[in-house]
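Visitor: Given chain A, put chain B in place with the hints provided.
2 protein chains.
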Amino acid sequence: MTRYNVAIAFSQTEPRVNFIDKLAAATSRHDSLLCVGLDPDAAKFPAGLQGKSDAIFTFCKAIIDATAGLACAFKPQIAYFAALAAEDQLQSICDYLRQTYPHIPIVLDAKRGDIGATAEQYAREAFERYGADAVTVNPYMGFDSVAPYMEWKDRGAIVLCRTSNPGGSDLQFMNVDGVPLYQHVARMVAEKWNRNGQCGLVVGATFPQELAAVRNIVGDMPLLVPGIGAQGGDIQATVRAGRTASGGGMMINSSRAILYAKTMGEENYAQAAQRVARETRDAINLYRG
Amino acid sequence: MTRYNVAIAFSQTEPRVNFIDKLAAATSRHDSLLCVGLDPDAAKFPAGLQGKSDAIFTFCKAIIDATAGLACAFKPQIAYFAALAAEDQLQSICDYLRQTYPHIPIVLDAKRGDIGATAEQYAREAFERYGADAVTVNPYMGFDSVAPYMEWKDRGAIVLCRTSNPGGSDLQFMNVDGVPLYQHVARMVAEKWNRNGQCGLVVGATFPQELAAVRNIVGDMPLLVPGIGAQGGDIQATVRAGRTASGGGMMINSSRAILYAKTMGEENYAQAAQRVARETRDAINLYRG
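Protein chains in written order, with my numbering: chain A, 5 to 293; chain B, 5 to 293.
Bound conformation, chain A alone:
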């Protein structure tokens, strides 16, 4: 019990820039809309890390150090840690990020969604335990399932809106009064849920015209955009559809294409990750306007 009590005391006294401002500052400082996703799959680790008890931390730390100067955010995907009972390594990664790169926001990709009393617990998990700046959440249970995250005034809640997976249309494209459901979600978040300016939305890159429709609804709200890189979304179409008037407002995520970039040759996995991260950041910047 002592361990998390200490962590709680620390996080409550820690001064914080709010998520939206921190994201804008990192975007500007690194001239980047690239979010580096941390989805550590031990089966894809280099041979030298196989079987080591801290392999996940070591791998992610090397990726972070190689790409920090190129990223506007880091996005650890908690499922990869939870499957392996490696939450302690996720905590270490988040601690390392906050200590070493305190200007880069941590977006915990957890897609939580539950009633208020339970959401309070998930908010503690994301913001207190892991010290994340923002967390992804699911809108299906409505406003009171998202509100507890926004009680943390300096943090962000990034709501699932339109996802890039094949089944994304099953619900999100249902016709509600002549408009697809995901656009209602975008409007509801922008007009009702985002009371303190803490919200973002997840909108996949695979449907640029839908990204443009969401941008049109939500003004300058930050969009977390998965689906480029390994998932195949087109960078030019994605940036042109999703950018704000000032050429920002996006966290364009790439995970696997960066983490597992090493193929042949003499570069190591971190060097390969840095190379692909730089190429991706620069490709994005070509189309920011």
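Be aware that a few hints might be false.
Note: identical chains are not told apart, hence a pair may lie in one copy or across any two.
What the hints assert, rightly or not - The calculated SDA-like cross-link candidates involving lysine to any residue, where the alpha carbons are at most 20 Å apart (straight line), are:
1. 48 to 124
2. 196 to 158
3. 196 to 171
4. 65 to 92
5. 56 to 104
6. 48 to 121
7. 266 to 72
8. 48 to 120
9. 65 to 275
10. 196 to 173
11. 266 to 282
12. 196 to 170
No lab work stands behind these hints, which were simulated from the structure alone.
Guide: Structure of chain B alone, referenced to chain A:
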């Protein structure tokens, strides 16, 4: 790494009755539709447990031992463990349940929802790490976000349909072709997603007429029904609306009203939990028909 590899080897060789049959057998053996929810809130623990490092396990074990003969399922809510970095205690609780009460299904209440590759990791978390018989999942990202759980042929996926919280209507009651969204979800799960007979649905107790509508759509599919007890749903209306023709097909959940039943007098918290669990089971049974 050794620790989880051992757990994986164990769970893959362990013989399993499938979730639906296991639930039906426990319902019959204990003459019960009562699901005991494990939402351990350390602030509400008895004085004798305060500050102990294994307080959550000790508390839940006592509740389990006191109520096992009265329950058709146990439902640990993972958020309460995750907020306190107590996943190890959740693992111990699930291990204890499987070893001591192997005939009672464990429903991990996690409400996960993510794309396929990530959902595979969440399925490993629920079924391999915790050894759960079923897990609650969110439908917003569509079929391919739920399918990976069903690759575990002996386990169950219980899909959020209609929830009992105030914001539940924000999305779930949206009008799609003259029918509220949650009824489309019920029909989609029953007719398309439930290919191997592994699905259930979450339907809150606070709207009995909606519970009846879902029952009418889904046949004998098991329904997980939160919202009685501390949340105030009416038992008679709930059971009459949600029961199958044979008077079953429901896991009617009560968490806080059982866990924190002790008020005054000489009984301890486990005795109080047993008393309220028995009263609740018996009240439910009055209306099974």
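Visitor: If a hint holds in the structure, say so; if it does not, say that too.
Guide: Each hint tested on the structure:
Proximity of residue 48 and residue 124 under a CA criterion of 20 Å is satisfied inter-copy only: 16 Å between copies versus 35 Å inside one chain copy. Only within a single protomer do residue 196 and residue 158 lie at most 20 Å apart by alpha-carbon distance; the minimum there is 19 Å, versus 42 Å between protomers. Taking the shortest Cα distances, residue 196 and residue 171 sit within 20 Å of each other only across copies (12 Å), while inside one copy they are farther apart (27 Å). For the homomeric pair residue 65 and residue 92, the shortest alpha-carbon distance inside one copy (14 Å) is at most 20 Å, but the shortest distance between copies (25 Å) is not.
In this assembly of identical chains, the alpha carbons of residue 56 and residue 104 never lie at most 20 Å apart, being 23 Å within a copy and 34 Å across copies at closest. In this assembly of identical chains, the alpha carbons of residue 48 and residue 121 lie at most 20 Å apart only when taken from different copies (14 Å versus 38 Å within one copy). Proximity of residue 266 to residue 72 under the C-alpha cut-off of 20 Å is restricted to the intra-copy arrangement: shortest distance 18 Å within a copy versus 52 Å between copies. Taking the shortest Cα distances, residue 48 and residue 120 sit within 20 Å of each other only across copies (18 Å), while inside one copy they are farther apart (38 Å).
In this assembly of identical chains, the alpha carbons of residue 65 and residue 275 lie at most 20 Å apart only when taken from the same copy (13 Å versus 49 Å across copies). When the C-alpha separation of residue 196 and residue 173 is checked against a cutoff of 20 Å, the pair qualifies only between copies, where the shortest distance is 14 Å, while the shortest distance within a copy is 24 Å. Proximity of residue 266 and residue 282 under a CA criterion of 20 Å is satisfied intra-copy only: 14 Å inside one chain copy versus 60 Å between copies. With identical chains, the CA atoms of residue 196 and residue 170 are at most 20 Å apart between copies only, with a shortest distance of 15 Å across copies and 29 Å within one.
In terms of the numbered hints stated before, the structure departs from hint 5 and from no other.
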